[in-house]
Amino acid sequence: MKQETVGITGTGHALPKRVLSNRDLEKMIDTSDRWIRERTGIIERRIISEGESTLTLAVKASQQALQKAGLLPEELDMIIVASVTPEQALPSTACLVQAKLNAKNASAFDLTAGCTGFIYALTIAKQFIANSSLHKILVIGVDILSYLVDWEDRKTCVLFGDGAGAVVMEKVNNSRGIIATRLYSEGSKADLLYIPGGGTVLPITKENLDKKLNFIKMNGPEVFKFAVKVMVESTQEVLKMDGKTAADLSYLIPHQANIRIIDTARKRLGMEKEKVLTNIEKYGNMSSASIPVLLDEAVEKGLFRQGDLLGMVAFGAGFTWGACLMEWSL
Amino acid sequence: MDIFGKVRKIICEHLDVNEDSVTLKTTFEDLDADSLDVVEMVMALEEEFDLEISDEEVEKIKSVGDIVNYIEEHTS
Chain A
129 MKQETVGITG TGHALPKRVL SNRDLEKMID TSDRWIRERT GIIERRIISE
179 GESTLTLAVK ASQQALQKAG LLPEELDMII VASVTPEQAL PSTACLVQAK
229 LNAKNASAFD LTAGCTGFIY ALTIAKQFIA NSSLHKILVI GVDILSYLVD
279 WEDRKTCVLF GDGAGAVVME KVNNSRGIIA TRLYSEGSKA DLLYIPGGGT
329 VLPITKENLD KKLNFIKMNG PEVFKFAVKV MVESTQEVLK MDGKTAADLS
379 YLIPHQANIR IIDTARKRLG MEKEKVLTNI EKYGNMSSAS IPVLLDEAVE
429 KGLFRQGDLL GMVAFGAGFT WGACLMEWSL
Chain B
8 MDIFGKVRKI ICEHLDVNED SVTLKTTFED LDADSLDVVE MVMALEEEFD
58 LEISDEEVEK IKSVGDIVNY IEEHTS
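Chains A and B, in that order, give the protein sequences. Counting in the working numbering, the first sequence runs from 129 upward without gaps. Counting in the working numbering, the second sequence runs from 8 upward without gaps.
Since the hints were made in silico from the structure, they are not lab data.
Okay, derived cross-link-like pairs now, DMTMM-like style, lysine to aspartate or glutamate, Cα gap no bigger than 20 angstroms in a straight line:
hint : chain 1 : residue 1 : chain 2 : residue 2
1    : A       : K395      : B       : E55
2    : A       : K401      : B       : E20
3    : B       : K67       : A       : E350
4    : A       : K345      : B       : D62
5    : A       : K317      : B       : E63
6    : A       : K339      : A       : E280
7    : A       : K283      : B       : D44
8    : A       : K155      : A       : E172
9    : A       : K395      : B       : D57
10   : A       : K357      : B       : E55
11   : A       : K283      : B       : D41
12   : A       : K357      : B       : D62
13   : A       : K317      : B       : E64
14   : A       : K283      : A       : E409
15   : A       : K317      : B       : D62
Only chain A is shown next, with the shape it has when bound in the complex (with noise of 0.2 angstroms):
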């Protein structure tokens, strides 16, 4: 059976209004904007206030992508959310989202794959339009970590960030859209990016809320050397399933966790430093929407043309990890 060509037609990105910078963390905790900078690349992040939450950020931004790929909410067909942060524990975040649009024919789904969310939901929205009848997908990587995240903690509450990107996804015939897609996990490195607690095991009371179970825990050194080892292994994966290089790229997109750790992944793919994007200086790691919110930025600014060769790579909690080669559509 002849596979369907599947590419993005539609993206959007949204972010809180609050900036928390540097400066403003240094008035919290024993931190400096210099430290900050030179082991992170972050100057600042935005944080959700008053009014905004994992959904009205998740819609807003599907608004924009359904826009921009000139869709109606009633002609999709799946809407998949990337959260490790849903709107609330039941019902799912992409049915509270559909609701919102009134995407009233699209089937609705959460997935949770760490920073990795947007490329496992990526990939599985692929395959439904490639092998099965459905045509238009939306596709969202939303999460507001501020919330998981101990803010007396400085180790890790300076990386995190919040916001939300979208995608539409259907078949396209103007280029080869998306060309690979590689996932993996590997569940023994869990204990080292990891919230215990708000589980079934050590449920959300008042005392393992007073323990800080609820916030995330992370093994630094250890999650960035092997994200640097698995981000490159996993995009010259992908190259090398067309017979490609890094030197056939026209733009990496990474996930946004340090910039340690992208320069470093660059390095060893031998890419210059324009071709690899970023936007943790303005925004820290976002989670499943790091690759989102960059993509909608590139395509604002006009940096795609059709026919370029695009690598997004992401690695998280889990861990998981993966990468997509694809064709621009647009």
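On the provided structure of chain A, position chain B as indicated by the hints.
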């Protein structure tokens, strides 16, 4: 360049310190290097000498001499 010379060059590049301040006895604490600096240096050394230093070994590395010894033992 001998192993110490190569190691010193990588350390100086990563920590932005002068070659004169790096001897075999120098510890990473002396150089004001934190865990992230050490990881980045180890990654650069792994690439330079084409070997892999396990996380347990990294934890034992305290001084420049420790690194040079490790590399001498693990390269032919």
